[in-house]
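Given the sequences, and given the hints that come with them, work out the whole structure.
Below, each chain spelled out in residue letters.
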Amino acid sequence: MTQRDGIIRRGCRMAKRRSILIAEDEPDTANLLQFHLQRRGYQTTVASDGLNALNLSLERRPDLVILDLMMPKLHGFEVCRMLKTSPSTRHIPIFMLTAMATTENKVQGFGLGANDYMTKPFEVSELLARVESLLRAPL
Amino acid sequence: MKLSLPSKWFVGLAILLGGLLVVVYVAMRLTLPPYLTRQIESDLRRDAYVVRDSVESQLRARNTTVGDINRFSHELSSQTGLRITVIAQDGTVIAESDKPESELKTIENHLQRPEVQQAIHEGVGSTTRKSDTVGVNLLYVAVSVRDDPRVGVVRVAMPLVQIQHITARVLHTVGISILAVGLAAMPVLHWLSRRATRPILQMQQAAGRMAQGDFSGKAPNGVSGELGELATALNDMSSQLEARLRELSEEKADLSAILAGMTEGVLVVRPEGRIRLTNQALRRQFGLAEDAVGKTVVEAFRNVPLEELVGEVITAGDVWARELMFQTPNECTFELSATRLQDGRGAVTGVIIVFHDITRMRQFENTRKEFVANVSHELRTPLSIIKGYVETLLDDQPPDAETTRKFLNTIQRHSRRLEALIADLLSISALESQQARLSFEPVMMRAAAQSVLDELTQQAQQKSITISLEVPERLPPVRADAQRLHQVLFNLLENAIKYTQAGGHVTIRATEKEDVIETVVADDGPGIGPEHLPHVFERFYRVDKARSRELGGTGLGLSIVKHIIQSHGGRVWAESQVEKGSSFYFTVPRA
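Protein chains in written order, with the numbering used here: chain A, 1 to 139; chain B, 1 to 591.
Simulated from the structure, these hints should not be mistaken for lab results. It is possible that part of the hints are untrue.
Facing chain B, from chain A, some residues (calculated, C-beta under 8 Å) [what the hints assert, rightly or not]:
no.	residue
1	D28
2	H36
3	P121
4	V124
Note that beta-carbon positions come from the ideal geometry of N, C-alpha and C, so glycine has one too.
The structure is reproduced here in structure tokens:
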């Protein structure tokens with residue numbers, strides 16, 4: 001399946017556009033993610049620190065949170081823990097995207113309830129495939 | 001009362017001699033009086049015969065009357081000192097030396113006297129009794145007279161008092177002699193006892209000195225026999241003991257020097273859990289007093305796992321490289337190695353534990369780990385961005401020209417960031433590596449500051465920031481590595497320019513303070529909050545991450561400054577007031 005086909009199919013679902021929260025303190029990364037996700041028809045919001053990410057998630061209940069870990073104010077792990085303990089946000093899939101690349105970090109992330117984990121630097125196409133997969137999965 | 005050995009000998013010998021003399025005296029006392037009495041009696045008997053013979057011859061020579069005999073008796077008595085009685089055959093006393101002739105008639109008949117009866121019948125008789133005539137105890141000896149019808153018996157008598165007197169005198173002489181012998185023997189006994197005991201005493205003293213650790217005095221050598229052998233044995237023992245003791249004390253001194261010199265703490269615990277020994281390092285590590293010895297492990301260390309470790313070693317055997325945490329009072333990590341102490345028979349006499357403080361090692365490891373994690377993150381972030389944007393640009397569906405240009409700018413920015421980061425990391429690596437020796441030389445602070453100023457003038461002008469250089473020309477040179485000092489000044493001045501708003505002002509000032517030159521780079525920028533100020537020299541610490549990113553900061557500039565200044569033996573610190581500005585100070589020793 002080519003990307004073009006994906007866009008066409010996504011276009012068919014414009015009626016219920018999926019919303020994605022990008023929790024990322026590095027604006028250039030956030031911009032890149034936003035560029036690609038918007039191009040694929042997702043509705044995106046950017047939170048530039050952990051606290052903001054938590055508040056926006058609780059407020060808007062996005063369909064997916066792409067969560068950076070090393071963020072000011074509140075660490076990504078804390079954001080994840082809180083979202084997964086709150087009944088209103090427990091169902092939201094969390095996709096950790098981080099430079100913390102050790103196995104320990106990954107195990108800890110999954111332990112806190114992350115649905116997927118990807119390390120930087122990453123391939124954009126793989127990231128998009130994983131996002132799609134997470135949104136497709138019945139929750 | 002305790003007697004010395006010679007005194008004991010002397011007393012013993014004296015008692016022996018005294019006893020002997022007493023026995024002699026008593027024997028004399030018992031045997032002498034009867035002997036003397038017998039001797040006197042036999043003398044008296046002889047005297048009696050002599051007197052009888054004299055009386056007989058007197059009777060034969062002339063026609064003697066009774067009166068003549070009486071006179072003769074008196075004469076004889078005064079010559080011999082004997083009492084002489086002449087008795088007729090009918091028992092009438094014819095002569096009595098103790099009485100005048102006139103009184104002869106008053107003397108009763110002596111026929112029934114036992115000695116007289118015996119003399120009449122046996123020729124001689126003797127008896128001891130009280131005299132009716134003179135009223136004292138007398139020894140009588142009577143002898144019968146032959147060939148004369150008038151005279152029957154001649155009797156001599158001696159008072160018993162006289163015999164007793166003689167006996168007493170003899171005994172007195174004997175007693176005095178014995179006493180004299182005894183007294184004369186005393187100095188001899190004294191000398192003997194001293195002489196006999198002297199070697200023993202000398203050995204005793206030598207042994208006593210040995211017990212006190214003085215091996216200089218030897219036991220006497222000139223003694224023969226068993227005592228001599230004992231002395232030789234004692235001397236051998238002394239020299240062996242001395243050698244052994246010297247070895248032991250040397251070993252002990254070595255051991256204490258080793259214990260004192262060790263950087264590891266050493267603890268020796270008795271099997272019942274009380275402390276037997278601590279070394280200086282251990283007392284320093286745990287702030288223990290010298291009196292920790294004798295306390296239990298828990299009392300001294302307030303650490304249950306340590307107590308359990310002691311028990312484990314006693315029951316299960318040695319423990320190697322066990323890590324334990326202690327509050328001393330800061331949290332410290334120790335690596336403990338514990339070994340059982342056993343005596344020759346295999347009984348456990350204690351546990352020796354060596355404490356190796358690995359707190360700093362652990363801290364260093366943690367810092368290192370954290371640094372590596374940070375570096376990884378700092379490298380991955382720009383790389384990730386570059387990679388992502390490049391991938392996007394190479395996409396089947398490339399963005400429009402304007403976006404492409406924007407993306408390329410982003411890629412360039414992050415490439416530069418990566419480059420700066422790598423440069424700073426290399427700086428740190430060079431500073432930390434052993435090969436990177438600093439080449440110290442006298443450096444003029446003004447010249448160094450001026451050259452940095454020249455490099456950054458353009459950057460300052462772009463933001464219309466004015467810089468004033470207040471470094472006196474005649475300031476003494478500092479002892480520094482010129483290249484490193486340049487880096488310090490560059491990082492500080494560049495930071496000041498970067499973080500100060502346009503139109504601001506930066507001052508570089510240097511002053512002489514005792515034996516250092518204190519330099520400050522001060523700006524009138526936004527300042528640093530007091531919560532950030534203590535951390536600004538830490539690696540990757542950023543007061544404002546977004547701003548730092550925007551300005552292309554690596555988060556390492558100030559940590560490099562700190563590192564360089566510390567390797568110069570200087571001090572670095574920051575002062576700041578929010579909204580007023582920040583001042584970064586550092587000192588470098590004068591050349």
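Status of the hint placing A:H36 at chain B (closest C-beta pair under 8 Å): Cβ of A:H36 sits 7 Å from chain B, so the hint holds.
Let's test the interface hint: is any C-beta of chain B closer than 8 Å to that of A:P121? holds, 4 Å
Given A:D28 was flagged as interface, is its beta-carbon under 8 Å from a beta-carbon of chain B? Check passed: Cβ of A:D28 comes within 5 Å of chain B, closer than 8 Å.
Grab the minimum C-beta distance from A:V124 to chain B and call the hint holds if it beats 8 Å, violated otherwise. holds, 5 Å
Violated hints for the displayed structure: none, as all numbered hints are satisfied.
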